[in-house]
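Chains as they are written, first to last, in the numbering used here: chain V, 1 to 140; chain S, 141 to 272.
One should not assume that every hint holds.
[Claimed, not checked] Listed next, the in silico DMTMM-like pairs over lysine to aspartate or glutamate satisfying Cα-Cα at most 20 Å (straight line):
hint: 1; chain 1: V; residue 1: K83; chain 2: S; residue 2: E180
hint: 2; chain 1: V; residue 1: K105; chain 2: V; residue 2: D58
hint: 3; chain 1: V; residue 1: K59; chain 2: S; residue 2: E249
Just so you know, the hints here were simulated from the structure itself, not pulled from any lab data.
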Amino acid sequence: MLWDVDVWSEMERLRREMNGLFSDYGRTSGSTIYPLTNVYDGRENIVVTAELPGMTKDKVSITFSDGALTISGKQEPLANVKKMTVIRQERALGDFEKSLRIPMKIDQGKITASFTNGILTVTLPKSEEAKPKTITIEAR
Amino acid sequence: MTTEIEKREKQEIGTTAAEQMNYSGSAFSPDVDIYSSDEEVVFAVDLPGVNKGDVTIEVDETNTLIIKGKNSHKEPDNTMLTQYHVGDYYRAFQLSDDYDKEKITAKLENGLLEVTVVKKEEAKPKKIEIKA
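Just chain S, same shape as in the assembly:
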């Protein structure tokens, strides 16, 4: 028995963010899953249509993680049914001071971006041994 997943429409982002990307067409806010552990935080970002070289990930001076994806996917003409639109992606997250912005790793596979940010050594939980 399969359960159908409902899919909401892609969220188009405001003009300010679109301007930041110097992009005139539509830009979208991608769906993101975030996972956390004592050591790190992982972001899974849906970027369908984006090539490996077309993603930029940066952390600015306010500790904001900014993910941008340039979508070069081309769709045919003569549309009959349109459920999604093609455009660039932009999403930003505020990181706490606990994370090391020098140690960010990322990989993009089949339109799914995985970004891993590790905690600073001093922010990781310490296990204290009880001496006999």
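Pulled out of the complex, with its shape left as it was, chain V reads as follows:
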């Protein structure tokens, strides 16, 4: 038999394994600790984006050590509603800290971050040895 394995369940298993690569420290994969984060693998950089609506750049702290990127800060409620009655509370408020393991060598000195419309973008340049190499075939 050519297809001995169930292709779809095999793909699902692979997908989970991929997600697991970036799983938060000390947590099982698939957990969604605040903030929600996406990771992209470019040729030169790993790009991490996080949804942090209402935050400003001075309230977010970003550190990189031992191959892990940590985003932390505090989501505070609106300042002008302190004396009002809470009718509905869905937004995530309070202290947060999230670590992502980056499974590639990173040039730590060149990490940059920006903040636009409540979305944090951290760009982590790959170190030379982690960048993809193109090998040319010599004609003989």
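Following the hints, complete the assembly by docking chain S onto the known chain V.
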């Protein structure tokens, strides 16, 4: 000691609402906090990725407050981990007759929308002075 906030996934909205927005991709129901006082009601709406000019707020004839946000945020290709998806936002709330739909103010800062709706003058509580 920091406490971790769990974040549930973004709620994708039904096709009817998505059609209303003439949008073919994904649309999401944003997280909202609502605060109320004797004078006004304040909505805090998470709209990450939305530019200032891309929010519409309207009150229709049935006194429904409708908040729409067009998300023009672009993410890179080659995804490795996806915890959130990018799409437009839609959320609607029924207002009581006590609120003045002509007096709605809103501001959007860093992807957080704040909408304030004030009560009509006759709906505000009155303080009655007791005469000696």
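So, going through the hints one by one against the coordinates:
no.: 1; hint: V:K83 x S:E180; verdict: 12 Å, holds
no.: 2; hint: V:K105 x V:D58; verdict: 27 Å, violated
no.: 3; hint: V:K59 x S:E249; verdict: 14 Å, holds
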